[in-house]
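Student: If you want the building blocks of each chain, they are given just below.
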Amino acid sequence: MSPQSIALWCAIPLAIGVAIDSLELVADRAQLQEGGLYGYAVLATGRPMTLWGPFAPLFGAVFRYPAVLGLAGAQLLGATCLLLAATMRTPALIAPAGLACLLIMASRMLLYVRNQLGLDGADQMTLVVCTGLSVALLVPDYGAQLLAIDYVAAQLLLSYAVAGIAKAVSPVWRSGRAVPGIMSTIGYGSPAVGGFLKRNPTLAKAACWSVILFECSAPLMILLGTPGALVIVAVGLGFHVSIAVLMGLNNFVWSFGAAYPALFLLAHSIDTLWH
Amino acid sequence: MCAVVFGAFLVVTAATQFRRFRWAQWLKSHDACAYIPAWTFFAPNPGVNDTRVLWREQLVDGTVGPWHEMVSPRGGLLRAVWNPTKRARKGLTDCGPMALRMIARKKESALPIIGLPYLMIAQHMAGLQGSPLGLARQFTVVNTQGRDTDDGLFELLFISHWHRQPGVAAEVPLAAPPLPELPELEERTKDAAV
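Read top to bottom, the protein sequences are chains U and B. Quick note on the numbering used here: the first sequence kicks off at 1 and runs consecutively. Quick note on the numbering used here: the second sequence kicks off at 1 and runs consecutively.
Be careful, since some hints might not be right.
To spell it out: a stretch of chain U is covered by chain B in this simulated footprint if at least three of its residues, at any positions, have a beta carbon under 8 Å from a beta carbon of chain B; those stretches are [claimed, not checked]:
#1 39–49
#2 165–175
Partial list, derived from the structure: chain U residues whose beta carbon lies under 8 Å from chain B [claimed, not checked]:
#3 Gly73
#4 Tyr112
#5 Val135
#6 Ala148
#7 Gly248
Quick caveat, the hints were computed from the structure, so don't treat them as lab data. All residues carry an ideal CB built from backbone N, CA and C; glycine is no exception.
So here's chain B without its partners, still in its complex pose (with noise of 0.2 Å):
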């Protein structure tokens, strides 16, 4: 019996690794506690670039401030034995590239904002500790090589609209327009200041 059922787990493991089979893709699909690993770290396309997710926030005199990454990196030797925002980075870094697929393959329409990535990170902007001014905020999703204040490469890959921020009154009007309209992917630039 044991046989068997570890026998089984094996075969499914192997079998969902490359996601060749259709039953095996169900499988993974439907695996709600993440018992079927995934066992291809870093390859075969390994991540050479960071992808960070910063927001920013509209005062209510039209004013906005400067962006902020959401979870900074975290350097040291520390971390070799503690580092407990990794999970969070982790989270931003599936979570952005995630939210912009689902905007992609649905160009004309607004469900993907809705969307358990995009939500993830429009809660949590919501949540981060702003100014008492503040009327909205915004995120943007990015590509970066190296460290900032290297010359290394920009990738502007989206940016969100204003978000009003919670018990802000509706009648507030936001001070520059919603910039730019949804979808905004593959932007690039070289020279935006972040």
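The following block holds chain U by itself, in its conformation from the complex (with noise of 0.2 Å):
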């Protein structure tokens, strides 16, 4: 288990997940327009860099509609060039692979500087994963490639505590109000489930409860090793594909997807340290 390899395996989800994130951003480009929500006209008001400066004309012919397209093409022509790299993984190919995340990294960086407003948890993962990637099949040094991968790993774990530790001091997650509140709106729920889980509230809890308990526990497992990190891929997995289902979240899947395999070779570290 060496870490390029795992940070082939890491490479399939990615790829996947930033292919579909640049064809959706395609396919709702009217937003990107003038007289759209994310018309560059106007978001170029909201940082001094890019509104004036020496910068400012270059960020202008790169973040002007259609201009802005190009950093979409450029994110799906690193995908594709990840995901064939990762599918066929002969050695040639881990260095053009490397320099696919570093590709992709970039434009989803310049489209941050962009506009930052509607962006979510699975685009920072993303941006985690092509960092550790892009460390682990550029960087010869073995060391290097291991503690990038273990990067991703920690910032997984990292994500999943705080994100239970948010939750288990929040009275409308402990009480069983949040996920059926969540679900009762039309923009991240489904009011269906919503509603029932309104009218059952020992299953509301119970649900709560469920995703505090795995995302406070998911840093502990992993001190079990490879079964803990199986078991945190598993829940994990169908934890990511419900949201995806009933909230809409659609890429929250490939890029948490994306780190999970960095998990096994942390897990792999921490059996040699037990045994």
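From these two lone chains plus the hints, build me the complex, please.
Tutor: This is the structure we're talking about:
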């Protein structure tokens, strides 16, 4: 189990998620045009560096519609190369795969310089995974590759720990009102499911506490090594797939799924430590 | 070297989550490309209402049209794999309350309406397909709970001024006065027809 082999496993869901995200950006391109929510004439007023200064014309050239679609295109190109390299798994394609990760990361970071409103945790996990994979696939030093993959796993566990603690201290979550409340929204829920949970408060409380317990226990479960990682991945995948189906947050499956193979490398190190 | 860099990223990520430290807040506010993640998903206060932005237009004869939703919600199973409008909906859900907070902070000032969130909504509203006889448009931010057919919460948070459509001559008078005056926060009604 080498870090680069794990990185190539991470690359498959990452590439699929990035491809979907880029195509969604193109499909909803009306929002990027002037007169759309993300028209650049207004967005440029949000930061001094995009409004004036030596780089403002350069930013304008990249961020105005239709040039901004080039960033979506660059991501799509990067995702295609990454997917090819990850499925073919030939040593010659490892460095190009690392460059594809860098291309995806640079394009996304530029898109986030253009606008940060409307981003979610999946976008941020994508950046985390791209960072780890770029280093693991491009840096020849084995120790650095190992650290890069462990970094992805550590960010994944940190994300669950933070989300779990934030929920555990919240009375809305502890009382069991959070999941039916979120589910009752039309933006992030399925009102029929929300209504059902409101009529079954015991089930609603169980749903809230399941989320809290899973998220809080993930960083502890990894201490069990590979069996712990298997439990996190199995429960986590079920969790993110149900979020995609019920809440429409489709990219979490791919971005968090891309971090899961990294858990196994960390778990392997923990196994070695225990033995 | 790698250990130091990755370790530092992890420490910064952990420190910025609950915004306790001043330096962490400063760092987060200067993070131009959203590199430092925020991992507190739907917590500690989950959004249990829908924040929605609606718009309507006034025609040249003074008629005021019905309210329309700027980005309609999308249901169904397909959104589990394909959900292109989620970003625009999230963007509006972020912009609406941000614009309200800016207005609430500077009650006597007109500056918030040239703030980014307000301008983004206004720009989007102006660009939406409407009547060729449209003279001006206004938007409203509301909180709702449940489906529109349900008898759930309806909370009117804010109604904007009328904004003249681009290209409409300034001499053409607006039939109705700008209603209500800014800021108009926390106005609640259960019977408002939207």
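Student: Just pull the numbers of the violated hints for me, sorted ascending.
Tutor: 3
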